[in-house]
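My request is simple: use the sequences and hints to build the entire structure.
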Amino acid sequence: MPDADYRLYLMASAAIFTIGFYSMLTQAHLLRRIMAFNVMGCGVFLLFITLAARAPGPVPDPVPHAMVLTGIVVSVCATGLALALAGRVQTVTGKTELEPGEDAGGRSGAAHHGSSA
Amino acid sequence: MTFAWAIVLLVLLPLAAAALSFAFPRRGGWLAAGAAVGIGVGTAQLIRAVLADGAQIHQVGGWGAPLGIDLRADGLAVWMLLVAGINGAAVALYSSRYFGMERSEEGRHRERYFWPLFLFLWTALNALFLSADIFNLYVTLEMLGFAAVMLAALAGGRDALAAAMRYLLVSLSASLFYLLGVALVYGQCGTVDLRLLAAQAPAQPAPWVALALMTGGLATKTALLPMHFWLPPAHASAPAPVSALLSALVVKGSFYILLRLWFEAFQVRMTPAVAQALGALGAAAILWGSISALRQARLKLLIAHSTVAQIGYLFLLFPRAASPKAGFLGWSGGLILLGAHACAKTAMFLTAGNILHAVGHDRIKDLEGVTRGLPVSMFAFGLSALSLVGLPPSGGFAGKWLLLSAGVAQGQWWWIAMVLFGSLLAAAYVVRVLTHAFTSGSKPAILNPIPPVMEWTALVLAIVAAGFGLAAFWPAELLRAGAPQAMPFLAGGAAP
Amino acid sequence: MNIDGLVLLGILLSSFLTGVAIFFLNEESHRLRTWLNLLGAGLKLILVAALLWGIYQGHEYSFSIDFLPGIPLALGADAHSVLFVTLSTVLWFWTTLYAVGYLEGSPHRSRFFGFFSLCVTATTGIALSANLVTFLTFYELLTVTTYPLVVHRGTEDAMRGGRIYLAYTMLGGTVLLLAVVWLHGLAGPIAFRERGAIESLMATRRGELQALFMLFMIGIGFKAALVPLHGWLPKAMVAPAPVSALLHAVAVVKAGAFGIVRIVHDVFGIENAAKLGVLQPLAIAAGVTILYGSLLALFQDGLKKRLAYSTVSQVSYIVLGTAILGPLATIGGLVHLVHQGLMKITLFFGAGNYAETLGIHRVSEMNGVGRRMPWTTAAFTVAALGMIGLPPLAGHVSKSYLNQGAAAAGQEWVAILLAASSLLNAAYFLPILWRAWFMSPPRQWPHEHAFGRWETHWMLLAAPLVTAGLVLWAGLSAESSFSPLAWVKLIAAREYGP
Chain B
1 MPDADYRLYL
11 MASAAIFTIG
21 FYSMLTQAHL
31 LRRIMAFNVM
41 GCGVFLLFIT
51 LAARAPGPVP
61 DPVPHAMVLT
71 GIVVSVCATG
81 LALALAGRVQ
91 TVTGKTELEP
101 GEDAGGRSGA
111 AHHGSSA
Chain X
1 MTFAWAIVLL
11 VLLPLAAAAL
21 SFAFPRRGGW
31 LAAGAAVGIG
41 VGTAQLIRAV
51 LADGAQIHQV
61 GGWGAPLGID
71 LRADGLAVWM
81 LLVAGINGAA
91 VALYSSRYFG
101 MERSEEGRHR
111 ERYFWPLFLF
121 LWTALNALFL
131 SADIFNLYVT
141 LEMLGFAAVM
151 LAALAGGRDA
161 LAAAMRYLLV
171 SLSASLFYLL
181 GVALVYGQCG
191 TVDLRLLAAQ
201 APAQPAPWVA
211 LALMTGGLAT
221 KTALLPMHFW
231 LPPAHASAPA
241 PVSALLSALV
251 VKGSFYILLR
261 LWFEAFQVRM
271 TPAVAQALGA
281 LGAAAILWGS
291 ISALRQARLK
301 LLIAHSTVAQ
311 IGYLFLLFPR
321 AASPKAGFLG
331 WSGGLILLGA
341 HACAKTAMFL
351 TAGNILHAVG
361 HDRIKDLEGV
371 TRGLPVSMFA
381 FGLSALSLVG
391 LPPSGGFAGK
401 WLLLSAGVAQ
411 GQWWWIAMVL
421 FGSLLAAAYV
431 VRVLTHAFTS
441 GSKPAILNPI
451 PPVMEWTALV
461 LAIVAAGFGL
471 AAFWPAELLR
481 AGAPQAMPFL
491 AGGAAP
Chain P
1 MNIDGLVLLG
11 ILLSSFLTGV
21 AIFFLNEESH
31 RLRTWLNLLG
41 AGLKLILVAA
51 LLWGIYQGHE
61 YSFSIDFLPG
71 IPLALGADAH
81 SVLFVTLSTV
91 LWFWTTLYAV
101 GYLEGSPHRS
111 RFFGFFSLCV
121 TATTGIALSA
131 NLVTFLTFYE
141 LLTVTTYPLV
151 VHRGTEDAMR
161 GGRIYLAYTM
171 LGGTVLLLAV
181 VWLHGLAGPI
191 AFRERGAIES
201 LMATRRGELQ
211 ALFMLFMIGI
221 GFKAALVPLH
231 GWLPKAMVAP
241 APVSALLHAV
251 AVVKAGAFGI
261 VRIVHDVFGI
271 ENAAKLGVLQ
281 PLAIAAGVTI
291 LYGSLLALFQ
301 DGLKKRLAYS
311 TVSQVSYIVL
321 GTAILGPLAT
331 IGGLVHLVHQ
341 GLMKITLFFG
351 AGNYAETLGI
361 HRVSEMNGVG
371 RRMPWTTAAF
381 TVAALGMIGL
391 PPLAGHVSKS
401 YLNQGAAAAG
411 QEWVAILLAA
421 SSLLNAAYFL
431 PILWRAWFMS
441 PPRQWPHEHA
451 FGRWETHWML
461 LAAPLVTAGL
471 VLWAGLSAES
481 SFSPLAWVKL
491 IAAREYGP
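Chains as they are written, first to last, in this note's numbering: chain B, 1 to 117; chain X, 1 to 496; chain P, 1 to 498.
Misleading hints may appear alongside valid ones.
Which chain X residues stay away from chain B? Per the calculated CB distances, all over 10 Å, these [stated by the list, open to error]: (1) Ala-16; (2) Ile-47; (3) Pro-207; (4) Trp-208; (5) Val-268; (6) Gly-411.
Simulated coverage check for chain X against chain B, where a stretch passes if three residues somewhere in it have a Cβ under 8 Å from a Cβ of chain B [what the hints assert, rightly or not]: (7) 141-150; (8) 155-164.
Read the hints as simulated data drawn from the structure, not as lab findings. Just so you know, these numbers come straight off a predicted model, no measurement behind them. Even for Gly, the Cβ is constructed at its ideal location relative to N, Cα and C.
This is the structure we're talking about:
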């Protein structure tokens, strides 16, 4: 792979990762945040693929491919879990967002495990 | 003689038990007990092997590094396995009665999911401690994160779900930062094996940006200040045994990876500036965590904030251990503190669970006279407080003593003052609880009797935390045994 | 370590195991608890007697186990240890008996006696420590085990007192920890040794040693109640009388004084300390404390408060004796460690009896109490006169050695100080005695309890009579070869060498 292409792919993966992370920080809707996570993941996988393609010789390095496959499995599981949890949050609280105030920590009121759904 | 079977057992046994307990929910407790016994035997064998012959390696599928996956047990790994084993076993014992107490559909429902998730968490922890490459560490870290998030959501209430959701999003983003770093390291160095990375590091060090990404992600997962915000709500709103697991063990998983990165694979990059920066964040965490613990109105939140402070102590290991002068003092001190904190924190959360169940709330100012209703539990709280504050002969004392000795050997007085001041703050917040609990006022109504097993489990663990300083020389020996070549600092500051 | 060393472990375990066993007793099993208490205390007494006999026979005792990497947890029985362990064991036995009587019918006795025994374990541990880290360990354990005793009553007042107590002692412990860690960094593991363990650093590390000495004195000074670190002592008076007796005569304050002696004699070495020029400031601090405590005692109407300030003052006699170079002053200071303990515990037993039997808490309520409770008041009188320094009582012996020592060291101001302090002692004790014996009793006591045959419960009476007897004995037979004084002379001879 020519150096110019390589750099382009590198920058693209960095850009995708950053866009994903930016959305993760700024979006409120849980579904959007879960999608943002997947976008971030795509950035990382693209980086792996780019690195594999740079290997000397005609055959790309197989190791990063294996890693990407593993990574995809992990991220699919994560997405499934996150969607299920977001669904529960919506059922219980009726909202699709997290309360921003809780970020400060420690003000979650009279919460203990007795106050369950 | 090879002890590879022990390594395999430590991963496969809890995994099998997790799967079985999902299939046979009524047998969850017994399956966990079987797993605990098996893990105990495996860990004991590994410790013997490591003390006798140094690090043990098992090549999964016979492939071997760099292509295959290696599992490795050295002094550090078996110490972590031991800490996880002790706390895991205690939590299992406690939980055998905890979920049954409610006698409701809901309680049974929770118990049904608790056992597989708990055993899955244990699997992830053991696999993480035994992993020998940075990609496998990523996979195990994610396994750990999933189990932890689901456990945190187990309570099912509004706050628990919100806290778990936040925890999941933070955890996933942090893992991707780590994975991005892994990709960059592979691109530069062409391997992900810890030992190979260490071997070629002098010629081909990993890029700074990769290290920064990985460290940032892992520090977030460890809840190092200023990325600690997710921890207190997640830890405080979970059921007591889950809070214990999260505070005592889960945050230590990512901390362990940080140690592997900075002290093994990328040791050449461990400059004084890096060490001091990580230490400074730790110091800030001690201050912030302790002061906010002092201001909490509820016991479980107080304990959770105390975890933030205690994690700060762990990060003091970096500036202490990174010096050739006193490296081993700082290294063993930090890791002994880690073990002591795990036991003490588990005991405290289990105690908090007892109180919550017995009196129906955990508002600190309304705990008057609870000592009379739950003497064994409060005794356990007091003993674990001993270790958190770092009074002799507790494990906390031994750890702090070694950290302080390292500080003296390096002549770094600022850090010494920090450790001592943190102890006083810890004393202040635990005494706040004890004061209310001791005050004779209107006796709080004990709504539910607490099964003795739950009280005694907490007490035994607290005794371990408060007493194991008496054998502090032993973990120090263990940590030295089977230490990889890439940890030259282990030679520095040998015990006099 | 040797087989004989197990005696040392036994001395610790006799009270530790008793304490643990008592925690698990049912609150209602009073008889069993009392027997356990007396069994533990008696066993400890026998073991200490065996230790004394063994040492007399020329046996050496040591015990150690691995603790921190490179630093063992070590017990030993040198001359200092034997002095303090004997004192605390003897007084523990009588205090236990007293406490059983005192707390009859009050709640939470299992908790109380459990911590009571652990507290004595920590104190004997301090006495038997053979190195600095072991000393630190028991020193901190003492803090932890006395806190529940101070707050035993669980009232708002008790909790406040307890908090202040803990704040002071934790701060002291932290300073001490810093000093110990620092010294270990300089010199490696420090085992207590006659004439000091830091000889090798004297030439090169003078400044650091001076700073360290100051840190040690501040760290331990909190417990020894050196002014201005004494603030907790009057506040801790909320504790029940046997606890106050224990705190003042045996455990906390006394452990502080013993700690100062240990550091000066066996870590620095008194001659090294003198060369460092750090003894004079310590002597001045002790002098200030002596006068300040006595002065404040004068203005207290609460009987226990008056006794508390008196402790502040009297314990600094020990420090003063330690801070003056020369064998005579050393003897005076050390022997006061024993004498003050005997006298102060008698006084607190007396105060407790007045409170428990008649409901008297203030000096102004004590009119004619001598006629109602002649035996208690007699014991109280012996101890008070001893404190003033009247010959031939125990206090006189200490003061005369201190005086001679100061004169020998050329420190004339000490003589003036001691005279002034004796006058102040007389000024705050004599009015009490006058009221008790010569003024007529009120028509009704504030809160009278009848205890049958004797003027009060027999357990409450036995303890002060025995300790008052010991005060008389220590003074009268001071020059015999089996007195505290004789033992202390032996220590001084070794400390100063040939």
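task: Check the non-interface label on Ile-47/X: least C-beta distance to chain B beyond 10 Å or not.
output: Ile-47/X is indeed farther than 10 Å from all Cβ atoms of chain B, at 31 Å.
task: Can you take a look at whether the stretch 155-164 of chain X is actually covered by chain B? Rule is 3+ residues, C-beta closer than 8 Å.
output: holds (count 10)
field: Assertion that Trp-208/X lies farther than 10 Å from chain B (Cβ)
entry: 15 Å, holds
field: Interface-negative label, Val-268/X against chain B, beta-carbon threshold 10 Å
entry: Correct as stated: the minimum Cβ-Cβ distance to chain B is 22 Å, above 10 Å.
field: Claimed clearance of chain B by Ala-16/X, with the beta carbon kept past 10 Å
entry: 20 Å, holds
message: So is the stretch 141-150 of chain X in contact with chain B by the C-beta rule, three or more residues under 8 Å, or is the coverage claim wrong?
response: Since three or more residues must qualify, the claim that chain B covers the stretch 141-150 of chain X holds, with 4 doing so at under 8 Å.
task: Verify that the Cβ of Gly-411/X lies farther than 10 Å from every Cβ atom of chain B, and report whether the claim holds or is violated.
output: 37 Å, holds
task: Run the C-beta distances from Pro-207/X to all of chain B and say if the shortest one exceeds 10 Å.
output: Pro-207/X is indeed farther than 10 Å from all Cβ atoms of chain B, at 12 Å.
Consistency with the previously given hints is maintained throughout, with no hint failing.
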